[in-house]
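Protein chains: 4
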Amino acid sequence: VYAVINTKLQKIVTSTWFEKLIVVAILLNAVTLGLETYPKVMTTYGEQLLLADTLFLVFFVSELVLKISVYRRRFFADGWNWFDFSIVTLTLLPALGVPGVGNISAFRALRLLRLLSIVPTFRRVLRGITIALKASFAVMIVLAIILYIFSVSSVKLFRDVSPDYFSDLDAAVFTFFQIMTLDAWSDVVRPIMEVYPLAGLYFIAYIVMTVFILLSIIIGVAANAIEHAQDE
Amino acid sequence: VYAVINTKLQKIVTSTWFEKLIVVAILLNAVTLGLETYPKVMTTYGEQLLLADTLFLVFFVSELVLKISVYRRRFFADGWNWFDFSIVTLTLLPALGVPGVGNISAFRALRLLRLLSIVPTFRRVLRGITIALKASFAVMIVLAIILYIFSVSSVKLFRDVSPDYFSDLDAAVFTFFQIMTLDAWSDVVRPIMEVYPLAGLYFIAYIVMTVFILLSIIIGVAANAIEHAQDE
Amino acid sequence: VYAVINTKLQKIVTSTWFEKLIVVAILLNAVTLGLETYPKVMTTYGEQLLLADTLFLVFFVSELVLKISVYRRRFFADGWNWFDFSIVTLTLLPALGVPGVGNISAFRALRLLRLLSIVPTFRRVLRGITIALKASFAVMIVLAIILYIFSVSSVKLFRDVSPDYFSDLDAAVFTFFQIMTLDAWSDVVRPIMEVYPLAGLYFIAYIVMTVFILLSIIIGVAANAIEHAQDE
Amino acid sequence: VYAVINTKLQKIVTSTWFEKLIVVAILLNAVTLGLETYPKVMTTYGEQLLLADTLFLVFFVSELVLKISVYRRRFFADGWNWFDFSIVTLTLLPALGVPGVGNISAFRALRLLRLLSIVPTFRRVLRGITIALKASFAVMIVLAIILYIFSVSSVKLFRDVSPDYFSDLDAAVFTFFQIMTLDAWSDVVRPIMEVYPLAGLYFIAYIVMTVFILLSIIIGVAANAIEHAQDE
Numbered sequence: 004v005y006a007v008i009n010t011k012l013q014k015i016v017t018s019t020w021f022e023k024l025i026v027v028a029i030l031l032n033a034v035t036l037g038l039e040t041y042p043k044v045m046t047t048y049g050e051q052l053l054l055a056d057t058l059f060l061v062f063f064v065s066e067l068v069l070k071i072s073v074y075r076r077r078f079f080a081d082g083w084n085w086f087d088f089s090i091v092t093l094t095l096l097p098a099l100g101v102p103g104v105g106n107i108s109a110f111r112a113l114r115l116l117r118l119l120s121i122v123p124t125f126r127r128v129l130r131g132i133t134i135a136l137k138a139s140f141a142v143m144i145v146l147a148i149i150l151y152i153f154s155v156s157s158v159k160l161f162r163d164v165s166p167d168y169f170s171d172l173d174a175a176v177f178t179f180f181q182i183m184t185l186d187a188w189s190d191v192v193r194p195i196m197e198v199y200p201l202a203g204l205y206f207i208a209y210i211v212m213t214v215f216i217l218l219s220i221i222i223g224v225a226a227n228a229i230e231h232a233q234d235e
Numbered sequence: 004v005y006a007v008i009n010t011k012l013q014k015i016v017t018s019t020w021f022e023k024l025i026v027v028a029i030l031l032n033a034v035t036l037g038l039e040t041y042p043k044v045m046t047t048y049g050e051q052l053l054l055a056d057t058l059f060l061v062f063f064v065s066e067l068v069l070k071i072s073v074y075r076r077r078f079f080a081d082g083w084n085w086f087d088f089s090i091v092t093l094t095l096l097p098a099l100g101v102p103g104v105g106n107i108s109a110f111r112a113l114r115l116l117r118l119l120s121i122v123p124t125f126r127r128v129l130r131g132i133t134i135a136l137k138a139s140f141a142v143m144i145v146l147a148i149i150l151y152i153f154s155v156s157s158v159k160l161f162r163d164v165s166p167d168y169f170s171d172l173d174a175a176v177f178t179f180f181q182i183m184t185l186d187a188w189s190d191v192v193r194p195i196m197e198v199y200p201l202a203g204l205y206f207i208a209y210i211v212m213t214v215f216i217l218l219s220i221i222i223g224v225a226a227n228a229i230e231h232a233q234d235e
Numbered sequence: 004v005y006a007v008i009n010t011k012l013q014k015i016v017t018s019t020w021f022e023k024l025i026v027v028a029i030l031l032n033a034v035t036l037g038l039e040t041y042p043k044v045m046t047t048y049g050e051q052l053l054l055a056d057t058l059f060l061v062f063f064v065s066e067l068v069l070k071i072s073v074y075r076r077r078f079f080a081d082g083w084n085w086f087d088f089s090i091v092t093l094t095l096l097p098a099l100g101v102p103g104v105g106n107i108s109a110f111r112a113l114r115l116l117r118l119l120s121i122v123p124t125f126r127r128v129l130r131g132i133t134i135a136l137k138a139s140f141a142v143m144i145v146l147a148i149i150l151y152i153f154s155v156s157s158v159k160l161f162r163d164v165s166p167d168y169f170s171d172l173d174a175a176v177f178t179f180f181q182i183m184t185l186d187a188w189s190d191v192v193r194p195i196m197e198v199y200p201l202a203g204l205y206f207i208a209y210i211v212m213t214v215f216i217l218l219s220i221i222i223g224v225a226a227n228a229i230e231h232a233q234d235e
Numbered sequence: 004v005y006a007v008i009n010t011k012l013q014k015i016v017t018s019t020w021f022e023k024l025i026v027v028a029i030l031l032n033a034v035t036l037g038l039e040t041y042p043k044v045m046t047t048y049g050e051q052l053l054l055a056d057t058l059f060l061v062f063f064v065s066e067l068v069l070k071i072s073v074y075r076r077r078f079f080a081d082g083w084n085w086f087d088f089s090i091v092t093l094t095l096l097p098a099l100g101v102p103g104v105g106n107i108s109a110f111r112a113l114r115l116l117r118l119l120s121i122v123p124t125f126r127r128v129l130r131g132i133t134i135a136l137k138a139s140f141a142v143m144i145v146l147a148i149i150l151y152i153f154s155v156s157s158v159k160l161f162r163d164v165s166p167d168y169f170s171d172l173d174a175a176v177f178t179f180f181q182i183m184t185l186d187a188w189s190d191v192v193r194p195i196m197e198v199y200p201l202a203g204l205y206f207i208a209y210i211v212m213t214v215f216i217l218l219s220i221i222i223g224v225a226a227n228a229i230e231h232a233q234d235e
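Protein chains in written order, with our numbering: chain A, 4 to 235; chain B, 4 to 235; chain C, 4 to 235; chain D, 4 to 235.
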């Protein structure tokens, strides 16, 4: 009897309508989570939305239990299943009353990430991005080292002049990340230059270096992708 | 007799001088629309400009009627004709007195878009961009999902701290689009970090993710284009 | 006798030391022009610097006269010579007392552009950039059309709400150029969204369109360059 | 006896555990340097951290002395060794009490740069970036010339209107670098346009030129990298 049930369950789990059902559930959950952000909607339909959310959670947990009961050990052999499993577990924490995460209903939005792991096209996109990340890993460490060196030395150099941006390592790392994105970097540097006129060179050196390192990331990834495309 | 007229009309419609005439009409219309934006010009030449605009509209409508009467069904077989047809109809709405759009003379500027559909070189450019858009469609959906997840969760996390940027889903989506373009993102994040120091990591994660996704769009499109160029 | 002088002059003009002399003259002129920008330097060495500048002008004019007297008609067959000729003539205007340009000593800095036309490596760089510009010409016209359409319609839509940015066509074109560079675009859009909440979509549409058009410029140029490199 | 010691030392210097020891030492030093930036940590563990730093310095100097005593002349034949040697010497200056650099403990962070020269993967990254820099050297000089011309002429044109940004050559060069990075450039240009409405064209011309030059740097480097990849 057990074997019969198992084959039936397996049919359900591997069927395309089951997959589509999950996608629809995630999309509907996305809508309810979105609606929850409007205060007006919450005052009128708050209870219904929270109920719906609980139902979605029950659905996703059942889905996982079903899949695990069918695939058993093989379930955890697939990286994407781990991805699904972690996300559902993580969004389950507040519902289980784990202390410290009780209020963080923000975690629930993570469930929508499952769209990426269920739709094959998105999986391929994620895989492409992962490959790009791996290919540029060494360059990114170099970038991090440069960022760290500039951050450490800038705390000692500019803490007194610009305490908002360079009070300690945390603040300095954030500031140098901001400068790397070229966002409002002149607002950071101009006040310092009024005290140390040569500080401009220090920051320009940083910008030129990081831009070139970022450039070499882009080009490395691009060269890889083009080679790949030509092999196929 | 009817057939004779039709062949004559067809000759006109397919002639290069007729196409050039339309281009000139659109360019002149562009000039009058531009002049209408200067208050000083409007006080002196307002009536003439509006008259000219009406004449241009009459001209474009006649052109469409002419083309439809010549090509008939085949007219709507060409996507570019649909493009022309929709634009002229849309800019006709205010003139026809359709309620609700009466004041939106801004629609008229859309007519200039017809330049892109009439000049073959521009058609090719548009086609290139469309291909690029299609090729990167899946990646753009992934980007939208990431944007949505961050928006939903940020409303719950930062609404109280930063109500201007994260009051509801609309505001949060706009804010995360802004952060994705790296415009003034530190102005959004720094005040939040004063309350939640770790929020910086949340936003840096978002920036790194979106930058990498955007990068993979660029590279995907580039690899496609280069392959294409090599096939030819 | 005349022929003898001419061959002698020709030897001078085509010699490498003559070319180097011109490069050195331009570089020295760059230094004096730079020094002229410091008020302190001008109060002490103002006269000497202006004298030096006059001497450099005399030198460049003589050089041109020499070259023209040697090459005659052939001189104007080379585009780079036209480049040199125009620049020297342009910077000569204030010295000649042409009315209206008398004060614009800023023109003199244009002389430094001659470095680009004299050093062969820089000529090659300029040629590469010119090729890139030509290849992307059609796409840039498309970009200009989009910019124009948005500018014209935004004046009508947002003039009352945001008169600083959209008072007339000039202001709107500048504003949309600024938005295209993604500089402080949220500062332009947020105040408008307080009146028209949907205006955000209008500007996001503009940004997405221009970013994709710019992307297709980059990729078009890149594909061209790579093809070129492979042909060689 | 001396030869025996030398071969033993050579074994140590070329062993992988010795290399790993240095990497660990640099990483630990990175941690202590980072901790030194937190005022709270310094008040409690200040002495220990400074002691640790001195020990690291002693370690790095001994390492260099050891390597030089083993390799002798060959030591300076390798560019990376020069890199290490300069960095350690530079960070030694304050410890040696060289006047004028006594306070600049910021130099010590430079030691972390040695990570890049010791780990082979990072060396390869640096070499790649160096190649990219060399390939784009000529274009960067062109960029510098354009920057210089605009800076010199803008001082004369806009000094009176906008003294904060264009007081002298230094200020103008910094401002034009800022504009090149597209950071807050409209904040620089809009006030000037209120006096000279046409100044907008001047700055737009600068932005378009520099963007195209930067684009040609990127594409040149990319074309090089792809060619390279195909040769292998």
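Just so you know, these hints were derived from the structure itself, not from any lab. There could be a bad hint or two in this list.
Since the list can't tell identical chains apart, any single copy or any two copies may satisfy a pair.
[Claimed, not checked] Here are the simulated lysine to any residue pairs, SDA-like style, with alpha carbons at most 20 Å apart:
1. K43 - S72
2. K70 - L93
3. K159 - I71
4. K14 - V214
5. K14 - G49
6. K11 - G203
7. K159 - Y5
8. K70 - D173
9. K137 - T213
Computed from a predicted model, the values in this text were never measured in an experiment.
Now for the hints, and whether the structure bears them out:
no. : hint        : verdict
1   : K43 - S72   : neither (42 Å within a copy, 53 Å between copies)
2   : K70 - L93   : within (18 Å within a copy, 52 Å between copies)
3   : K159 - I71  : neither (55 Å within a copy, 32 Å between copies)
4   : K14 - V214  : neither (53 Å within a copy, 40 Å between copies)
5   : K14 - G49   : neither (37 Å within a copy, 66 Å between copies)
6   : K11 - G203  : neither (70 Å within a copy, 49 Å between copies)
7   : K159 - Y5   : neither (70 Å within a copy, 45 Å between copies)
8   : K70 - D173  : neither (43 Å within a copy, 36 Å between copies)
9   : K137 - T213 : both (19 Å within a copy, 16 Å between copies)
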